[in-house]
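Peer 1: Okay, here's what each chain looks like letter by letter:
2 protein chains.
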Amino acid sequence: MSRINAHYLDLPGSYLFAEIARRVQEHGARDPQKRVIRLGIGDVTAPLPPSVISALHQAVDEQARQEGFRGYGPEQGYAFLREAIVRDAYQGLGIDPDDVFIGDGAKEDLGNFQEIFDQGCLVAITDPVYPVYADSNVMAGRAGPADSLGRFQGLIYLPCTADNNFRPDLPRRRPDLIYLCYPNNPTGAVLSRDDLARWVGYAREQDCVIFYDAAYEAYITEPGIPRSIYEIPGAREVAVEFRSYSKTAGFTGLRCGFAVVPSSVRGRGPGNALVPLRDLWLRRQTTKYNGCPYIIQRAAEATHTPQGKKETRAIIAGYQENARRIREGFQTLGLTVSGGVNAPYVWVRLPTGLDSWGFFDALLNRLGIAGTPGVGFGPSGEGHFRLTGFGTSADTQEAMERLKGFNI
Amino acid sequence: MSRINAHYLDLPGSYLFAEIARRVQEHGARDPQKRVIRLGIGDVTAPLPPSVISALHQAVDEQARQEGFRGYGPEQGYAFLREAIVRDAYQGLGIDPDDVFIGDGAKEDLGNFQEIFDQGCLVAITDPVYPVYADSNVMAGRAGPADSLGRFQGLIYLPCTADNNFRPDLPRRRPDLIYLCYPNNPTGAVLSRDDLARWVGYAREQDCVIFYDAAYEAYITEPGIPRSIYEIPGAREVAVEFRSYSKTAGFTGLRCGFAVVPSSVRGRGPGNALVPLRDLWLRRQTTKYNGCPYIIQRAAEATHTPQGKKETRAIIAGYQENARRIREGFQTLGLTVSGGVNAPYVWVRLPTGLDSWGFFDALLNRLGIAGTPGVGFGPSGEGHFRLTGFGTSADTQEAMERLKGFNI
Chain A
1 MSRINAHYLD LPGSYLFAEI ARRVQEHGAR DPQKRVIRLG IGDVTAPLPP SVISALHQAV
61 DEQARQEGFR GYGPEQGYAF LREAIVRDAY QGLGIDPDDV FIGDGAKEDL GNFQEIFDQG
121 CLVAITDPVY PVYADSNVMA GRAGPADSLG RFQGLIYLPC TADNNFRPDL PRRRPDLIYL
181 CYPNNPTGAV LSRDDLARWV GYAREQDCVI FYDAAYEAYI TEPGIPRSIY EIPGAREVAV
241 EFRSYSKTAG FTGLRCGFAV VPSSVRGRGP GNALVPLRDL WLRRQTTKYN GCPYIIQRAA
301 EATHTPQGKK ETRAIIAGYQ ENARRIREGF QTLGLTVSGG VNAPYVWVRL PTGLDSWGFF
361 DALLNRLGIA GTPGVGFGPS GEGHFRLTGF GTSADTQEAM ERLKGFNI
Chain B
1 MSRINAHYLD LPGSYLFAEI ARRVQEHGAR DPQKRVIRLG IGDVTAPLPP SVISALHQAV
61 DEQARQEGFR GYGPEQGYAF LREAIVRDAY QGLGIDPDDV FIGDGAKEDL GNFQEIFDQG
121 CLVAITDPVY PVYADSNVMA GRAGPADSLG RFQGLIYLPC TADNNFRPDL PRRRPDLIYL
181 CYPNNPTGAV LSRDDLARWV GYAREQDCVI FYDAAYEAYI TEPGIPRSIY EIPGAREVAV
241 EFRSYSKTAG FTGLRCGFAV VPSSVRGRGP GNALVPLRDL WLRRQTTKYN GCPYIIQRAA
301 EATHTPQGKK ETRAIIAGYQ ENARRIREGF QTLGLTVSGG VNAPYVWVRL PTGLDSWGFF
361 DALLNRLGIA GTPGVGFGPS GEGHFRLTGF GTSADTQEAM ERLKGFNI
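Sequence order for the protein chains is A and B. My numbering puts the first residue of the first sequence at 1, with every later residue one more than the last. My numbering puts the first residue of the second sequence at 1, with every later residue one more than the last.
One or more hints might be untrue.
Partial selection, computed: residues in chain A whose CB lies under 10 Å from chain B [unchecked claim]:
#1 D43
#2 L93
#3 G120
#4 D127
#5 P131
Far from chain A, by Cβ distances over 12 Å, these chain B residues were calculated [what the hints assert, rightly or not]:
#6 L149
#7 Y157
#8 R173
#9 V341
By construction, these hints were calculated from the structure, which means they are not laboratory data. Just so you know, these numbers come straight off a predicted model, no measurement behind them. Note that beta-carbon positions come from the ideal geometry of N, C-alpha and C, so glycine has one too.
Model the full assembly from the supplied sequences, consistent with the hints where possible.
Peer 2: So this is what it looks like as structure tokens:
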């Protein structure tokens, strides 16, 4: 008898976005005339910018010639990209290219990073939250079974609601690992420098490790909001940061991201010995990963050039304009809306009594608009709905036209 | 105190090929004049074939246009590639495109697949063996500490030596999971249909799951040797198969492979309920993976066209010719050599008393040839040395020139 990992059976039946895709497909089969506008899954729609396309073509041509061909690359990623990242995003923050690990995207890195910790570690996540943080810890046996609300009994939940302005309070019970994502998916909230400093101080005092998901950093528009957790003094000893090219440069289909793991962040081994997480993550990646494709690392490098930055900023500005329209559209219906200013996500509060899957079905079936039900992100997401600015401008405008006068 | 996964501390200090790279680099610093010929790590050297290059350019151009742009793909891989694989490699073997999962390579899939099993599963590996099988299970806590020979006390080792013609005997104690790799890395041995049928029969009788690594299938030259484990009746209930485009089509730097997980292969859940592994692997992949890049899946598809197959076959023939030269070169020194006929690897038996790291250093420092010490693949690899046919033809010929008259 080959026993399976029974923790998998504690998971909800399907991954949130797979369930959404299923319902959208079913709707399409029932009503093939009405084109569904997808503002649900956070997938980008703008084609890759010219700098990226040109870097890809050039790298492909290198792979066609004996003298330019590259086989296995360094598992940690090529130095040219790790150096470009530090130059462009971590200047003056004490981060070294050796701390940077190139990967296939933030989903992969965030899903796998928990592996280097003990199974007994206590994990804190915000609620609502990106499902990967919870699900990967459920699989690892850190969460136990879920209650009737879908809340895993072994996790610490940090509610983020209108009551606390979507900024979580410090936990009452000490966790080992804390997942924070700012700008936030799904609420679109951000943390001020003081907010984030409180978390760094707490982690230092309580000997916790923060997994800081900064995948939406490029959407920050207001001044004074930290773009990296390493802007906070002392974070280099307690925080690992994850970033992605997906939403920054349209890489959802190309797959590239990175983790920053300063060698000063350490966990406890047997006898309480301090062990640098960087060494463990390097061992994990060299053993189970063979590096992000060379041609894609060259594409990522292109986004750090002045021209590449100009092009990606223009695309992001378009998505931000979409988010603004969505905010206004739902506000016009009299609903309370947050996010969409420093984040591509708009978080809509539904009228009391409306559940979020019900609203999902209504919006899909009556208007042909696919969003994401808030409860898919956790129990505190119930009564909310997420929309993204990642559609095309034309689709977003049409969706807001369809929304006009919608009788909820 | 955030406790780390202490099982990592049971691992050898560094991944085998990272250690080899370190010694080669050190040698280069000491003796910059002598160019090192690398016949150690199994990395290909021929540039990507024209069909693959052309598919890449075309897919990149699609990504540049609004109407052709593709963001997130299906986590399991695009249907066009899964269908091409079944048509090309599994015709008549009862494999459905739904059973195929596209991934970033066999290393990743083989490293991650054990996650869906219970931590208590007993694992059998051949010895010598590709290090990822052992190391990923060490990390998962299935192996315990190693003895003085580097043998993990919790694993079942199946010695493959000249005494059994490099074909492992059935285990004396029943394992839950069995890793088999044929054509074999590192010994270059193959299993006949009868040999493989014996393993499938054992797994069926004992309720085991076989992880069948067929990454080198394209190197089989002799008739009658099974290319897929599914050629054996009954394998569809007990075996998962892993393949890669790395050695078949030069994708070591592009990263693409696939796992075949028929829904009829099942493990045991609570109460001995049978659970299809396919469901668990789908959940794993949808949660922690976002799919292989679209452009790379198009490149992989190109290798299944008649022209793509013609091109890749020519490249493989070149590597096979290299392997033949290496065999002859070492045989001329009076050494016993196996492999290199149905596999790109040549396995050299060292004269009694010579240890494999010592031979590695001698070959590197005296001739400037980097191979792989047999002991790096496990205790039974001691006294052996692996060389690969993946160098360029010119390099391989020069290496064999340097080898002439080598005084071991």
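Peer 1: Decide, hint by hint, whether the structure agrees.
Peer 2: Structure-based check of each hint:
no.: 1; hint: D43; in the structure: 4 Å, holds
no.: 2; hint: L93; in the structure: 22 Å, violated
no.: 3; hint: G120; in the structure: 6 Å, holds
no.: 4; hint: D127; in the structure: 18 Å, violated
no.: 5; hint: P131; in the structure: 8 Å, holds
no.: 6; hint: L149; in the structure: 20 Å, holds
no.: 7; hint: Y157; in the structure: 19 Å, holds
no.: 8; hint: R173; in the structure: 14 Å, holds
no.: 9; hint: V341; in the structure: 24 Å, holds
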